[in-house]
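Chemist: Sequence:
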Amino acid sequence: MVDKKADLAGPGIGNYTEVEKILPSDYKPLLPPKERMQALFEVKKY
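The opening residue of the sequence shown carries number 1 in full-length UniProt numbering; numbering runs sequentially from there.
Keep in mind the hints are simulated off the structure, nothing from the lab.
Computed from a predicted structure; not experimentally measured.
There's no promise every hint is true.
What the hints assert, rightly or not - List of simulated lysine-lysine pairs, DSS-like, C-alpha gap at most 25 angstroms:
{"no.": "1", "residue 1": "44", "residue 2": "34"}
{"no.": "2", "residue 1": "21", "residue 2": "45"}
{"no.": "3", "residue 1": "45", "residue 2": "34"}
Claimed, not checked - What follows is a list of derived Cβ distance ranges for each label pair:
{"no.": "4", "residue 1": "16", "residue 2": "37", "range": "10 to 20 angstroms"}
{"no.": "5", "residue 1": "46", "residue 2": "17", "range": "26 to 36 angstroms"}
{"no.": "6", "residue 1": "40", "residue 2": "15", "range": "15 to 25 angstroms"}
{"no.": "7", "residue 1": "45", "residue 2": "25", "range": "30 to 40 angstroms"}
{"no.": "8", "residue 1": "46", "residue 2": "25", "range": "28 to 38 angstroms"}
{"no.": "9", "residue 1": "19", "residue 2": "43", "range": "16 to 26 angstroms"}
{"no.": "10", "residue 1": "39", "residue 2": "19", "range": "14 to 24 angstroms"}
{"no.": "11", "residue 1": "16", "residue 2": "40", "range": "13 to 23 angstroms"}
{"no.": "12", "residue 1": "15", "residue 2": "37", "range": "31 to 41 angstroms"}
{"no.": "13", "residue 1": "17", "residue 2": "45", "range": "29 to 39 angstroms"}
{"no.": "14", "residue 1": "23", "residue 2": "43", "range": "15 to 25 angstroms"}
From the three backbone atoms N, C-alpha and C, an ideal C-beta is built for every residue, glycine too.
Sequences are here, hints too, so could you generate the full structure?
Modeler: Given below as structure tokens:
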């Protein structure tokens, strides 16, 4: 199985260290994890 960290980082971003450099230090997601996954599922169905 492929390392999931590479998949979660998204296209063009290799790992979480690179993601941390891009996001602001005070970054807080708008949705909790469960709602975020439900929203992504709905978008993919569209």
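Chemist: State for each hint whether it applies.
Modeler: We went through each hint and held it up to the structure:
Simply put, residue 44 and residue 34 have alpha-carbon atoms about 16 angstroms apart, close enough for the 25 angstroms limit, and the pair holds. The suggested pairing of residue 21 with residue 45 is violated, with an alpha-carbon distance near 31 angstroms, which exceeds 25 angstroms. Between residue 45 and residue 34, the direct Cα distance comes to roughly 17 angstroms. Compliance with the 25 angstroms bound is thereby established for this hinted pair. Hint check: residue 16 to residue 37, Cβ distance near 18 angstroms, so the stated range 10 to 20 angstroms holds.
In this structure the hint that residue 46 and residue 17 lie 26 to 36 angstroms apart at CB holds, the actual value being about 32 angstroms. Between residue 40 and residue 15 the C-beta distance comes to about 21 angstroms, which sits within the given range of 15 to 25 angstroms. Range check, residue 45 to residue 25: Cβ separation about 34 angstroms, and the 30 to 40 angstroms hint holds. Checking the proposed 28 to 38 angstroms range against residue 46 and residue 25 shows it holds: the Cβ atoms sit about 33 angstroms from each other.
Checking the proposed 16 to 26 angstroms range against residue 19 and residue 43 shows it holds: the Cβ atoms sit about 20 angstroms from each other. About 19 angstroms separates the C-beta atoms of residue 39 and residue 19, a value consistent with the hinted range of 14 to 24 angstroms. Residue 16 and residue 40 have their C-beta atoms about 18 angstroms apart, which keeps the hinted 13 to 23 angstroms range intact. The given range of 31 to 41 angstroms is broken by residue 15 and residue 37, whose C-beta atoms sit roughly 21 angstroms from each other.
Remark: the range hint 29 to 39 angstroms for residue 17 to residue 45 is upheld by a beta-carbon distance near 32 angstroms. The hint said 15 to 25 angstroms for the Cβ distance between residue 23 and residue 43, and at roughly 21 angstroms that hint holds.
The structure does not agree with the numbered hints 2, 12 stated previously, though it agrees with the rest.
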